[in-house]
Amino acid sequence: MSYKVIDVAGDVGVRAEGATREECFINAALALYSLITNLDQVEETESEEIEISEDNHEDLLVSFLNELIFIFDTYGFVGSRIELYLKNKTLKAKIYGEKFNPEKHERRLLVKAATYHNLVLKKDNNLWIAEIIFDI
Amino acid sequence: MPKIEGTERIDPYRIRVPKGFVQGMRTEGIIYVDETLEQELEIDSVRQVANVATLPGIVGNSLAMPDIHTGYGFPIGGVAAFDVEEGVISPGGVGYDINCGVRLLKSNLTKEEVEPKIRELVDLLYTHIPSGVGSTGKIKLTPKDSEEVVRKGAIWAIQMGYGEAEDLQPMESNGCLDGADPELISKKAYERGRDQLGTLGSGNHFLEVQYVDEIYEPDIAEKMGLFKGQITVMIHSGSRGFGHQICDDYIKVMIQAAKKYGIELPDKELACAPFKSKEGQQYFSAMKGAANYAWANRQCLTHWTREVFLMLFKLSPRDLGMKVVFDVAHNIAKEEIHLINGKKQRLIVHRKGATRAFPKGHPELPDFYRNIGQPVIIPGDMGRVSFVLVGEEKAMKETFGSTCHGAGRLLSRHQAIRQAKGRSIKQEMADRGIIVRAAGRETLAEEMPEAYKDVSNVVDVVHNAGIARKVVRLRPLGVIKG
Numbered sequence: 159m160s161y162k163v164i165d166v167a168g169d170v171g172v173r174a175e176g177a178t179r180e181e182c183f184i185n186a187a188l189a190l191y192s193l194i195t196n197l198d199q200v201e202e203t204e205s206e207e208i209e210i211s212e213d214n215h216e217d218l219l220v221s222f223l224n225e226l227i228f229i230f231d232t233y234g235f236v237g238s239r240i241e242l243y244l245k246n247k248t249l250k251a252k253i254y255g256e257k258f259n260p261e262k263h264e265r266r267l268l269v270k271a272a273t274y275h276n277l278v279l280k281k282d283n284n285l286w287i288a289e290i291i292f293d294i
Numbered sequence: 271m272p273k274i275e276g277t278e279r280i281d282p283y284r285i286r287v288p289k290g291f292v293q294g295m296r297t298e299g300i301i302y303v304d305e306t307l308e309q310e311l312e313i314d315s316v317r318q319v320a321n322v323a324t325l326p327g328i329v330g331n332s333l334a335m336p337d338i339h340t341g342y343g344f345p346i347g348g349v350a351a352f353d354v355e356e357g358v359i360s361p362g363g364v365g366y367d368i369n370c371g372v373r374l375l376k377s378n379l380t381k382e383e384v385e386p387k388i389r390e391l392v393d394l395l396y397t398h399i400p401s402g403v404g405s406t407g408k409i410k411l412t413p414k415d416s417e418e419v420v421r422k423g424a425i426w427a428i429q430m431g432y433g434e435a436e437d438l439q440p441m442e443s444n445g446c447l448d449g450a451d452p453e454l455i456s457k458k459a460y461e462r463g464r465d466q467l468g469t470l471g472s473g474n475h476f477l478e479v480q481y482v483d484e485i486y487e488p489d490i491a492e493k494m495g496l497f498k499g500q501i502t503v504m505i506h507s508g509s510r511g512f513g514h515q516i517c518d519d520y521i522k523v524m525i526q527a528a529k530k531y532g533i534e535l536p537d538k539e540l541a542c543a544p545f546k547s548k549e550g551q552q553y554f555s556a557m558k559g560a561a562n563y564a565w566a567n568r569q570c571l572t573h574w575t576r577e578v579f580l581m582l583f584k585l586s587p588r589d590l591g592m593k594v595v596f597d598v599a600h601n602i603a604k605e606e607i608h609l610i611n612g613k614k615q616r617l618i619v620h621r622k623g624a625t626r627a628f629p630k631g632h633p634e635l636p637d638f639y640r641n642i643g644q645p646v647i648i649p650g651d652m653g654r655v656s657f658v659l660v661g662e663e664k665a666m667k668e669t670f671g672s673t674c675h676g677a678g679r680l681l682s683r684h685q686a687i688r689q690a691k692g693r694s695i696k697q698e699m700a701d702r703g704i705i706v707r708a709a710g711r712e713t714l715a716e717e718m719p720e721a722y723k724d725v726s727n728v729v730d731v732v733h734n735a736g737i738a739r740k741v742v743r744l745r746p747l748g749v750i751k752g
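Just so you know, the sequences run in chain order A and B. Under our numbering, the letters of the first sequence match residues 159 to 294, in that order. Under our numbering, the letters of the second sequence match residues 271 to 752, in that order.
Among the hints, erroneous ones may be present.
In silico DSS-like pairs for lysine-lysine, Cα to Cα no more than 25 Å straight-line [as the list claims (entries may be wrong)]:
no.: 1; chain 1: B; residue 1: LYS458; chain 2: A; residue 2: LYS280
no.: 2; chain 1: A; residue 1: LYS257; chain 2: B; residue 2: LYS538
no.: 3; chain 1: B; residue 1: LYS691; chain 2: A; residue 2: LYS247
no.: 4; chain 1: B; residue 1: LYS457; chain 2: A; residue 2: LYS262
no.: 5; chain 1: A; residue 1: LYS162; chain 2: B; residue 2: LYS691
no.: 6; chain 1: B; residue 1: LYS664; chain 2: A; residue 2: LYS247
Computed list of chain A residues with no C-beta within reach of chain B, every gap over 10 Å [as the list claims (entries may be wrong)]:
no.: 7; residue: VAL163
no.: 8; residue: ASP165
no.: 9; residue: VAL170
no.: 10; residue: GLY176
no.: 11; residue: GLU181
no.: 12; residue: ASP217
no.: 13; residue: ASP231
no.: 14; residue: ARG239
no.: 15; residue: ASN246
no.: 16; residue: ASN259
no.: 17; residue: GLU264
no.: 18; residue: ARG265
no.: 19; residue: LYS270
no.: 20; residue: ASP282
no.: 21; residue: ASP293
Derived from the structure by calculation, the hints contain no laboratory data. Note that CB positions come from ideal geometry on N, CA and C, so glycine has one too.
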């Protein structure tokens, strides 16, 4: 799992890494889910599929994460494994997970949105790095 | 020596952020801080005050209140007004949690009557009022209901039986902003909001049982119906996923609109459009819909709070006397008329982590408050105190009738959790006589008192600066959090 939580004054951020841009996106998404609950408790009984296009990869990352937040907030779906494909500026992802159950899943943070604030998406040597701040 | 290089102290309660602090500033920034709170200023938040000053059509100064801290685009604690014809509207000046706000309820009960039953009361409130991650409410909105909530706000809730018509008057904008068009809100926002009406949320949202601990202005307190030892309830909550989705939807629209209208953005989160443009008007209308959802939400939460009290204390509603003192929004944009250089000017006033504070005589106030001014509800952290203030005339002259909104965070969540290691915050609160229940595992650590600035300092600055006046101080007895 290549991600960690970043300390930010009033909110919370994550830093994700990956060998490819796709892997970086996946780890950012898992980082987001780890803010919400303990991923070790999440089984893969259901899946959700999404497809998004934006003008650039930064916007795509933010939109992708906001879509996951929307799916969690609306359907209670939380993921623990993700398959993701990027072609040009279009993203297709399949997320494996289950419905959030407060009796089973640890309640961590209520994430309102992924923001563009101090957004980082870059390649450093051979590593893709993303940093995103979430409003909580 | 200023804490942040480039700023200058104007007087004991204000510092100036001069033009040139960042490129393109059209006006100066003014931050309300005394020398103590100035030491806690973050450079990023000051830069944000300066960035806001670059936006077109800004009238007066780019302002920030003493609870200032770094936000998205606008700082939290930010106030900025724009001319309706020449200026812009920005979702970043409102926040993701549109109409996050606070409501204060009063009652006929006293501390002596409630304290012996406080544990039971907190448990009942905790079970009756959904809160925390993944919580859904008892109300499931049909598409038609959702449209009505958008249009009518708290009025919808009252029509559905959640409260009384008299609850509406002591509310900012009577709990409903006109002009919310349900068509301008996305399907996703409706889906997200469908099951969340009547939920508290999480993070710094809370429902707190308090008592009036100190009275600073006896005549004003009396007109608000407040007395020493009285039990009050404070509810801090917003528009939930509904509002967050609307903000996210419109930030995207505004990023494109800013390009279209040639507005240079020092920060993507400052995305904006001319207020009179199609995009500006659409966001404003959708924002009103979200604000109305939040007022409907606080109305539902009020209703269930009353039910719990009635059940536990076995009183009639009349004997309980749980009435609304006031309900304020602290993340919102309002169209208001202000006197600028002696002339009336119509402005779009953004308050993000800032509260409206109209003085006595203002026509928008309900008649029972017109002689004292608008009550301003200022929540503190869960271990310390909260305040009720009243708006002052100086606020109209200096801050577009605005004041602070709360304590402002001091520690990051991580720092707070680290400092709480090995401690039982729940027990520490109980030792102080405060019973807390929270849904989230780390909530109490993240929200512990040391994680916040001292709201008393924040309130003293606005009081001494003359933009709001302290009326009463409230102390917590029991708190529920998400």
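_Status of the stated non-contact between VAL170(A) and chain B (beta carbon gap over 10 Å)_ = violated (6 Å)
*asked:* Would the hint linking LYS458(B) and LYS280(A) be met if the CA-CA limit is 25 Å?
replied: Violated, at about 30 Å.
*Under the criterion that the straight-line Cα-Cα distance not exceed 25 Å, is the pair LYS664(B), LYS247(A) satisfied?*
violated (52 Å)
*Does the structure keep LYS257(A) and LYS538(B) at a Cα separation of 25 Å or less?*
Since the Cα atoms of LYS257(A) and LYS538(B) sit roughly 33 Å apart, the hinted pair is violated (cutoff 25 Å).
*Run the C-beta distances from ARG239(A) to all of chain B and say if the shortest one exceeds 10 Å.*
holds (20 Å)
*Beyond 10 Å from every Cβ of chain B: is that where the Cβ of ASN259(A) lies?*
Its Cβ does come within 10 Å of chain B, the nearest being 8 Å, so this is violated.
*Against chain B, does GLU264(A) keep a CB gap of more than 10 Å to every residue?*
The claim breaks: GLU264(A) does not keep its Cβ more than 10 Å from every Cβ of chain B (closest is about 6 Å).
*asked:* Beyond 10 Å on every Cβ pair: is that true for VAL163(A) relative to chain B?
replied: violated (7 Å)
*asked:* Beyond 10 Å on every Cβ pair: is that true for ARG265(A) relative to chain B?
replied: Violated: least Cβ distance 4 Å, not greater than 10 Å.
_Would the hint linking LYS457(B) and LYS262(A) be met if the CA-CA limit is 25 Å?_
Roughly 30 Å separates the two Cα atoms, so the pair is violated.
*Whether ASN246(A) stays farther than 10 Å from all C-beta atoms of chain B, as the label says*: holds (19 Å)
*Taking the minimum C-beta separation from LYS270(A) to chain B, is that value above 10 Å?*
violated (4 Å)
Checked against the numbered hints listed earlier, the structure breaks hints 1, 2, 3, 4, 6, 7, 8, 9, 12, 13, 16, 17, 18, 19, 21; every other hint is satisfied.
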